Amino acid sequence: MRLHEHEAATFFQQAGVPVPPFAVVRSPDEARAALDRVGLPAVLKSQVLVGSRGKHGGILSAGSSDEVCQQASSLLGSQVRGFAVQSVMIVRKVDIARELYAGITVDAMAGAITVILGSVGGIDVETIARERPETLFRRTIRPPAQLRGHEARALAAEAGFSGDLMVRIAEVLMALYRVFCTSDALIAEVNPLAVTPDQALWALDAVMEVDDAALFRHPEMPKDALERIEHPLERAAKRIGVSYVDLDGDIAILSSGAGLGMATMDVVGQRLRPANFLETGGGITEELMYRTTAHVLRKPGLRGLLINLYGGINPIHEGAKGIVRALKERPVAFPVVAKALGNRQEETWATLREAGVIIVTDITTEAAVDALDRALQDRQGRTAGGGA
Amino acid sequence: MSILLNRRTRVLVQGITGKIGQAQTRWMKEYGTNIVAGVTPGRGGVSVEGVPVFDSVRAAVTATGAEASVFFVPARAVKDTLFETLEAGIRLVVVVTEHVPVHDTMEMRAEAKKSGAMLLGPTTPGILTVGEAKMGIIPGNLFPPAGGSVGVVSRSGTLAYEVGGILAKAGTVPNTVVGMGADPVVLTDLADILRLFAADPETAFVTIVGEVGGVQEEMAAEYIAREFPKPVIAYIAGRNTPEGKRMGHAGAIVQRGMGSVAGKVAALERAGAHIAHTPAEVGELARRLACSSGSSR
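Residue numbers (the numbering used here), protein chains in the order written: chain A, 1 to 388; chain B, 389 to 685.
In case anyone wonders, no lab produced these hints; they're calculated from the structure. Please note: incorrect hints may appear among the correct ones.
Derived SDA-like pairs: lysine to any residue, alpha-carbon spacing no greater than 20 Å straight-line [stated by the list, open to error]:
1. Lys502/B / Lys299/A
2. Lys467/B / Pro144/A
3. Lys502/B / Ala145/A
4. Lys467/B / Cys181/A
5. Lys501/B / Ala112/A
6. Lys557/B / Asp370/A
7. Lys502/B / Met109/A
8. Lys467/B / Thr182/A
9. Lys501/B / Pro143/A
10. Lys501/B / Met109/A
11. Lys299/A / Lys557/B
12. Lys407/B / Leu288/A
13. Lys93/A / Cys69/A
14. Lys501/B / Pro315/A
15. Lys417/B / Cys69/A
16. Lys501/B / Ala110/A
17. Lys407/B / Glu286/A
18. Lys407/B / Gly281/A
19. Lys223/A / Pro532/B
20. Lys467/B / Phe216/A
21. Lys238/A / Pro630/B
These stretches of chain B come out as covered by chain A in the derived footprint (C-beta under 8 Å, 3 or more residues) [what the hints assert, rightly or not]:
22. 402-415
23. 424-438
24. 480-489
25. 493-502
26. 538-551
27. 665-677
Just a sample of chain B residues kept apart from chain A, beta carbon distances all over 12 Å, derived [as the list claims (entries may be wrong)]:
28. Ser444
29. Arg446
30. Ala447
31. Gly453
32. Gly477
33. Phe616
34. Pro617
35. Arg627
A quick note: this is a predicted structure, and the numbers were derived from the prediction, not measured. We put the CB at the ideal spot given by N, CA and C, even for glycine.
All chains, please: the whole structure from these sequences, using the hints.
Shown next as structure tokens:
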């Protein structure tokens, strides 16, 4: 789950990262009132879960109370890169002498945590890595090992800092590292970490994403993880407990694993156009498949449905009953092809056949796509023949 | 021949009294697996599918000599359970469980390296040694009764079934199918599993089933180029995956220019692997390889 900037900033601040005074507001009046705590001049930042807000007009600055009020009313209710702005973070503006980058993330290659300090910041880290890789300094930490103070100081020294500033940068890294670990984060990033002309350090942005799999042990995290999924069909699928990605084709796909789902898209994509990616994971029940089938059929303009299942951990014979129930409630005019193999495959085939589903018993997904393609062509031929 | 698991291996099932643990224990036993014990804390003394259940791994090991373990325990209990299992001396563990927090996996991975144990997962379908035994959830009925000489290692579960079945149908029967786990961080790397196939005299060649996201295939390509002595066929799923989209489990995402299908294919091709563009093509490549190398089955 991606956190809003103000949520991440709160966690960072609690851990000891210096964050300038800020407030979160939902109306221009609240914005004016917040200035007591924040002070002027101020920066107004749209709270939307998307990057490059500044470039797209989502960040404004204001020097007076009236200006804050005006800017807040122009941002609230507007859209930034297609995301509705429901709240604005007002932050005290600070003078910037220099910008750094500080980030902690999971490094899949090492299977460990990477601590990154950049002597240049303010632009996204991918760009820095591409254009100025010599400005990025890293340490790999293998939990349960922790980032030690001397390691953080060595990193700051490598990046060219000395004296008191070196020590304070190391303290920021330590604080970020603590919040990264205690929050089960996938990323915790401050960019830019600003140095003021009088050598003060301030975190001027806060990015954090928390591992969804670990939310069960984080009662302090926001409770609206599902609401943060932007696409309505993808959100509805998550609520059912399956993964759905909307695509622009017209062949609906229903698969029982991510790898299989992607391979199905590969094969379908050679001749036809997938309408979606959908995978159930290992939790198939009759009810889940009923809801999942009804879900993929909600998309308008479909020409076919391809079902690709394996009975390993999944009781596909139970799932088949759910598919049939959905198809009976909402009969479709297009061909439905199913390849379902593994434990209790014969029962699965019998259940699906009764509902008019075309069954493919060959192991290859190609065979299933062939069958669907043939059914589509037959239909076209019949339609053309009927019209002649 | 096979790697990791054979019909004599004494297997423990953790989480055996759960619905999935119980059903899968039945499938594993029917396939021929030598399941000697189960563990569910608090349920010691009962029996599931004829298998005695113990309260702790140590008690199960002492009573039955269990030497390998398969997990059907809830995600939140996996880390703790793994530490118990390693402390009891077990050196082969299959973590079938999905949705394990990645911070837990990182800690388990460091422990695995220290202990020298072979740990597969999380989110793995497990190991199936054709015609002998299986730990995990790979359906046995996709394979013929006797194993051949093709090693299969896959990141995805369901795709391992499909490619394993395609190889069998092509007459190039797998010996061992290994799922390494579909999460972005896994307990054992692809290259470590390839090492086992390299050392197995009965494995003629290996098929890698990869997918978009992560860097396992890229790391394995380096190892293959350096020293892997056998032919490799590779299929990487996810050519039509839009960038930045998470396809199911967290592993399958292209980000920051890393983990694209094109990058993986290029790395493996440079390492000398034969690339299949679809699952079915794996069968054709395998048939050709079997003929040219003179190896049958």
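Okay, the hints, checked on the actual structure:
For the given pair, lysine 502/B sits about 50 Å from lysine 299/A by alpha-carbon distance, which is inconsistent with the 20 Å threshold. Between the alpha carbons of lysine 467/B and proline 144/A the distance comes to roughly 12 Å, so the proposed pair stays at or under 20 Å and holds. At most 20 Å may separate the alpha-carbon atoms for a hinted pair to count; lysine 502/B and alanine 145/A meet this at roughly 13 Å. For the hint pairing lysine 467/B with cysteine 181/A, the CA-to-CA distance comes to about 16 Å; that is within 20 Å, so the pair holds.
Annotation: proposed proximity of lysine 501/B to alanine 112/A holds, straight-line Cα distance about 12 Å (limit 20 Å). For a cut-off of 20 Å, the pair hint linking lysine 557/B to aspartate 370/A stands: about 18 Å separates their Cα positions. At most 20 Å may separate the alpha-carbon atoms for a hinted pair to count; lysine 502/B and methionine 109/A meet this at roughly 18 Å. A threshold of 20 Å between alpha carbons decides the hint, and for lysine 467/B with threonine 182/A the separation of about 16 Å falls inside it, so the pair holds.
The straight-line distance between the Cα atoms of lysine 501/B and proline 143/A is roughly 12 Å, inside the 20 Å bound, and the hint therefore holds. Restraint check for lysine 501/B and methionine 109/A: satisfied, since their Cα atoms lie roughly 15 Å apart, inside the 20 Å limit. With a CA separation close to 36 Å, the supplied pair lysine 299/A and lysine 557/B exceeds the 20 Å bound. For the suggested pair lysine 407/B and leucine 288/A, the alpha carbons sit about 17 Å apart, so the restraint of at most 20 Å is met.
For the hint linking lysine 93/A to cysteine 69/A, the alpha-carbon distance of about 16 Å falls within 20 Å, and the restraint holds. A threshold of 20 Å between alpha carbons decides the hint, and for lysine 501/B with proline 315/A the separation of about 35 Å lies outside it, so the pair is violated. Distance check on the hinted pair: lysine 417/B and cysteine 69/A sit about 71 Å apart at the alpha-carbon level, beyond 20 Å; violated. For a cut-off of 20 Å, the pair hint linking lysine 501/B to alanine 110/A stands: about 12 Å separates their Cα positions.
Distance hint between lysine 407/B and glutamate 286/A is fulfilled; the C-alpha atoms sit about 15 Å from each other, no more than 20 Å. Distance restraint check for lysine 407/B and glycine 281/A: the Cα-Cα separation of roughly 16 Å lies within the 20 Å cut-off, and the hinted pair is therefore satisfied. As the CA atoms of lysine 223/A and proline 532/B are separated by approximately 49 Å, the hinted pair breaks the 20 Å bound. Pair hint lysine 467/B plus phenylalanine 216/A holds up; C-alpha atoms about 15 Å apart against a cutoff of 20 Å.
For the hint linking lysine 238/A to proline 630/B, the alpha-carbon distance of about 19 Å falls within 20 Å, and the restraint holds. Counting residues of the stretch 402-415 of chain B whose beta-carbon sits less than 8 Å from any beta-carbon of chain A gives 4, enough to reach three: the coverage restraint holds. Given a C-beta distance limit of less than 8 Å, the hint that chain A covers the stretch 424-438 of chain B is violated, as 0 residues qualify and 3 are needed. A stretch counts as covered by a chain when three or more of its residues have a beta carbon under 8 Å from one of that chain; for the stretch 480-489 of chain B and chain A the count is 5, and the coverage holds.
Remark: the stretch 493-502 of chain B is confirmed as covered by chain A, as 5 of its residues place a Cβ nearer than 8 Å to a Cβ of that chain, reaching the required three. Coverage of a stretch by a chain is defined here by at least three residues with a beta carbon nearer than 8 Å to that chain's beta carbons; for the stretch 538-551 of chain B and chain A the count is 9, and the condition holds. Only residues whose beta carbon comes within less than 8 Å of a beta carbon in chain A count, and the stretch 665-677 of chain B has 5; three or more means the coverage holds. The non-interface label for serine 444/B is consistent with chain A: the shortest C-beta to C-beta separation is roughly 23 Å, beyond 12 Å.
With a cut of 12 Å on Cβ distances, arginine 446/B stays outside the contact zone with chain A, its closest approach being about 22 Å. The beta carbon of alanine 447/B is kept farther than 12 Å from every beta carbon of chain A, the shortest such distance being approximately 27 Å. No Cβ of chain A approaches the Cβ of glycine 453/B within 12 Å, the least distance being about 27 Å, so the stated non-interface status holds. The non-interface label for glycine 477/B is consistent with chain A: the shortest C-beta to C-beta separation is roughly 21 Å, beyond 12 Å.
With a minimum CB-CB distance of about 19 Å to chain A, phenylalanine 616/B clears the 12 Å threshold, and the non-interface call stands. Every C-beta of chain A lies more than 12 Å from that of proline 617/B, the closest at about 25 Å, which supports listing it as non-interface. Listed as outside the interface, arginine 627/B is inconsistent with that label: its C-beta sits roughly 5 Å from the nearest C-beta of chain A, within the 12 Å cut-off.
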